[in-house]
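Per my numbering, the sequence shown starts with residue 2, numbered consecutively.
To be clear, the hints were calculated from the coordinates, so they are not data collected in a lab.
Every residue gets a Cβ at the ideal spot worked out from N, C-alpha and C, and that includes glycine.
Incorrect hints may have been included.
[Claimed, not checked] Taking lysine to aspartate or glutamate and the EDC-like style, the derived pairs with C-alpha atoms no more than 20 Å apart in a straight line are:
no.	residue 1	residue 2
1	Lys39	Asp83
2	Lys39	Glu19
3	Lys39	Glu5
4	Lys39	Glu111
5	Lys39	Glu12
6	Lys39	Asp49
[As the list claims (entries may be wrong)] Pair by pair, the computed Cβ-Cβ distance ranges are:
no.	residue 1	residue 2	range
7	Ala56	Ala118	19 to 25 Å
8	Ser154	Ser8	24 to 30 Å
9	Met81	Asn121	14 to 20 Å
10	Ala76	Glu111	30 to 36 Å
11	Thr163	Arg79	43 to 49 Å
12	Arg44	His128	18 to 24 Å
13	Arg80	Arg44	26 to 32 Å
14	Ala56	Ala76	14 to 20 Å
15	Thr90	Thr163	35 to 41 Å
16	Thr40	Ala150	21 to 27 Å
17	Gln86	Ile156	23 to 29 Å
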Amino acid sequence: MSDEALSALAETLGHILETRALLCVIAPENVQGEAVVKTALSRRDGADPVAVTTAPPGSLTALLDAFHAALHLGARPRRMADAQQAVETELARRAWPVLLVHDAHQLRTESLQYIYALWNLSQEHGHRMPVVLVGPDRIRSVLRRPQLASLESCIFIWHRLTP
C-alpha cells in the first residue's frame with residue numbers, strides 16, 4: 002500500500018475519531034484491510050483499538066468470544082446476557098475505544114446488529130465509540146439486508162482501499 006493511500010485512510014480515520022462515527026473500509030481481496038487500518042490508526046494519538054475477528058459463520062456467540070479475547074476478559078460466561086454485559090462494561094471503562102471489525106462481511110445479521118447496538122449504547126456513556134467495519138466489496142450487499150438498514154444508514158464514510 003502506498004504512503005498516499007495510507008495517509009488518505011489516516012485522514013478518514015481522523016474524521017471518524019472526531020465524530021465518533023461508523024466507517025466501512027472496503028479492501029480488495031489482495032489487501033490485508035485490518036492491518037492497513039491498524040497502521041493508519043497508529044498515526045492517531047489516544048485511540049485504543051479493539052480488533053475483533055470471527056470465523057464463519059460469524060454468529061453472535063463467536064463475536065462475543067472474539068470480544069472476550071480482544072478485551073482480555075478471560076473465558077466467556079455461558080449466559081449470553083452476562084457475556085454481553087462484560088463486553089459493554091469493559092468498553093465503557095476505556096477512555097477512547099475504537100472498534101475494528103475484520104471480515105465484517107462474514108458476520109451474521111444478529112452480530113452486526115449487536116455491533117450497531119454497542120455503538121448506540123456507547124452514547125449513553127457520554128460518547129459514541131468509533132466503529133470501523135472492514136471487508137471486501139461484498140460487505141455492501143451484506144449491509145443492505147433489510148434488518149441492517151439502520152446500521153447501513155449510519156455509516157458516515159465508505160472508504161475504498163487501493164492496492
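So, going through the hints one by one against the coordinates:
1. Lys39 - Asp83: At roughly 29 Å apart (the allowed maximum being 20 Å), Asp83 and Lys39 break the hint.
2. Lys39 - Glu19: 17 Å, holds
3. Lys39 - Glu5: Status holds; Cα separation ~16 Å.
4. Lys39 - Glu111: Given pair Lys39, Glu111 is violated - Cα atoms ~25 Å apart, limit 20 Å.
5. Lys39 - Glu12: Within the cut-off at roughly 13 Å; holds.
6. Lys39 - Asp49: 11 Å, holds
7. Ala56 - Ala118: 19 to 25 Å: Since the Cβ atoms of Ala56 and Ala118 sit about 22 Å apart, the hinted range of 19 to 25 Å holds.
8. Ser154 - Ser8: 24 to 30 Å: This hint holds: roughly 29 Å between Cβ atoms.
9. Met81 - Asn121: 14 to 20 Å: 18 Å, holds
10. Ala76 - Glu111: 30 to 36 Å: Given a distance of about 22 Å, which is not inside 30 to 36 Å, the answer is violated.
11. Thr163 - Arg79: 43 to 49 Å: 44 Å, holds
12. Arg44 - His128: 18 to 24 Å: 21 Å, holds
13. Arg80 - Arg44: 26 to 32 Å: Given a distance of about 40 Å, which is not inside 26 to 32 Å, the answer is violated.
14. Ala56 - Ala76: 14 to 20 Å: With a Cβ separation near 18 Å, Ala56 and Ala76 satisfy 14 to 20 Å, so the hint holds.
15. Thr90 - Thr163: 35 to 41 Å: 39 Å, holds
16. Thr40 - Ala150: 21 to 27 Å: 32 Å, violated
17. Gln86 - Ile156: 23 to 29 Å: Holds, at about 27 Å.
The earlier numbered hints that this structure contradicts are 1, 4, 10, 13, 16.
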